[in-house]
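*Asks:* Sequence:
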Amino acid sequence: MSTLLELTEENFDSVISAKGVSVIRFWAPWCEPCRMVAPTFKQLSIDMQNKATFGEIDIERFNTIAMKYGIRGIPTTYIYKDGKPVDSIVGVASLSQFKNMVARNL
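In my numbering, the protein residues as written are 2 to 107.
It should be emphasised that the hints constitute simulated quantities derived from the structure, not laboratory data.
Computed from a predicted model, the values in this text were never measured in an experiment.
No residue lacks a Cβ here, since even glycine has one placed at the ideal position from N, Cα and C.
One or more hints might be untrue.
Calculated pairs, DSSO-like style, for lysine-lysine (alpha carbon to alpha carbon, straight line, at most 27 Å) [claimed, not checked]:
#: 1; residue 1: K82; residue 2: K43
#: 2; residue 1: K52; residue 2: K100
#: 3; residue 1: K20; residue 2: K43
#: 4; residue 1: K69; residue 2: K82
#: 5; residue 1: K85; residue 2: K69
#: 6; residue 1: K85; residue 2: K52
#: 7; residue 1: K85; residue 2: K20
#: 8; residue 1: K43; residue 2: K69
#: 9; residue 1: K100; residue 2: K82
#: 10; residue 1: K20; residue 2: K100
#: 11; residue 1: K85; residue 2: K43
#: 12; residue 1: K20; residue 2: K69
#: 13; residue 1: K100; residue 2: K43
#: 14; residue 1: K20; residue 2: K82
#: 15; residue 1: K100; residue 2: K85
Just the calculated beta-carbon pair ranges, DEER-fashion [to be verified]:
#: 16; residue 1: S95; residue 2: E11; range: 15 to 25 Å
#: 17; residue 1: D83; residue 2: W31; range: 25 to 35 Å
#: 18; residue 1: R73; residue 2: P30; range: 15 to 25 Å
#: 19; residue 1: S97; residue 2: E10; range: 27 to 37 Å
#: 20; residue 1: W31; residue 2: R105; range: 13 to 23 Å
#: 21; residue 1: E33; residue 2: D83; range: 25 to 35 Å
#: 22; residue 1: E33; residue 2: Q98; range: 10 to 20 Å
#: 23; residue 1: N51; residue 2: W31; range: 30 to 40 Å
#: 24; residue 1: S97; residue 2: N64; range: 14 to 24 Å
Take the sequences, apply the hints, and build the full model.
*Replies:* Okay, structure coming up:
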């Protein structure tokens with residue numbers, strides 16, 4: 002079962018500032034690479050649900066978040082640890098690439 006959170010302007014800051022590791026995917030519905038990586042990110046959230054919090058935010062609906070955090074290309078996946086950005090991947094990545102990124106930041 003996935004523990005993938007749908008993030009909004011109301012809950013975004015509280016999720017990334019929480020103690021521990023948060024893995025956030027920035028995406029948009031019109032973005033083909035975003036749609037390609039969605040199943041992989043969902044699987045990542047299932048496989049590593051006990052290691053980190055996983056969420057995704059639609060930057061078309063919540064463009065103020067994208068501007069606030071300097072998101073210029075999508076898909077972009079950020080890792081936040083104890084509220085600070087510590088790692089990222091811009092573009093499509095494999096499940097193993099995502100897992101390695103999470104593991105090195107735990």
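*Asks:* Keeping to a limit of 27 Å between CA atoms, is the pair of K100 and K85 held or broken?
*Replies:* holds (19 Å)
*Asks:* Check the hint pairing K20 with K69 against an upper bound of 27 Å on the C-alpha distance.
*Replies:* Roughly 21 Å between the alpha carbons, so the hint for K20 and K69 holds.
*Asks:* Is K85 close enough to K52, meaning Cα to Cα at most 27 Å?
*Replies:* holds (17 Å)
*Asks:* Between D83 and W31, does the C-beta distance stay in 25 to 35 Å?
*Replies:* For W31 against D83, whose Cβ atoms are near 33 Å apart, the range 25 to 35 Å holds.
*Asks:* For the range 14 to 24 Å, tell me whether the beta carbons of S97 and N64 fit it or not.
*Replies:* Check failed, 31 Å falls outside 14 to 24 Å.
*Asks:* Need the status of pair K85, K43: alpha-carbon distance at most 27 Å?
*Replies:* holds (23 Å)
*Asks:* Has the given pair, K43 with K69, been kept, meaning a C-alpha gap of at most 27 Å?
*Replies:* holds (25 Å)
*Asks:* Regarding the pair K69 and K82, is the alpha-carbon distance no greater than 27 Å?
*Replies:* holds (18 Å)
*Asks:* Between K100 and K43, does the CA-CA distance stay at or below 27 Å?
*Replies:* holds (12 Å)
*Asks:* Quick check on a hinted range of 30 to 40 Å for N51 and W31, using CB atoms only.
*Replies:* Since the Cβ atoms of N51 and W31 sit about 33 Å apart, the hinted range of 30 to 40 Å holds.
*Asks:* Assess, step by step, whether the Cα of K100 is no farther than 27 Å from the Cα of K82, and give holds or violated.
*Replies:* Holds, because 15 Å separates the two Cα atoms, which is no more than 27 Å.
*Asks:* Going straight from one Cα to the other, do K20 and K43 come out at no more than 27 Å?
*Replies:* Holds. K20 to K43 sits at ~22 Å (cutoff 27 Å).
Hint compliance for this structure: hints 16, 20 and 24 are not met, and every other hint is.
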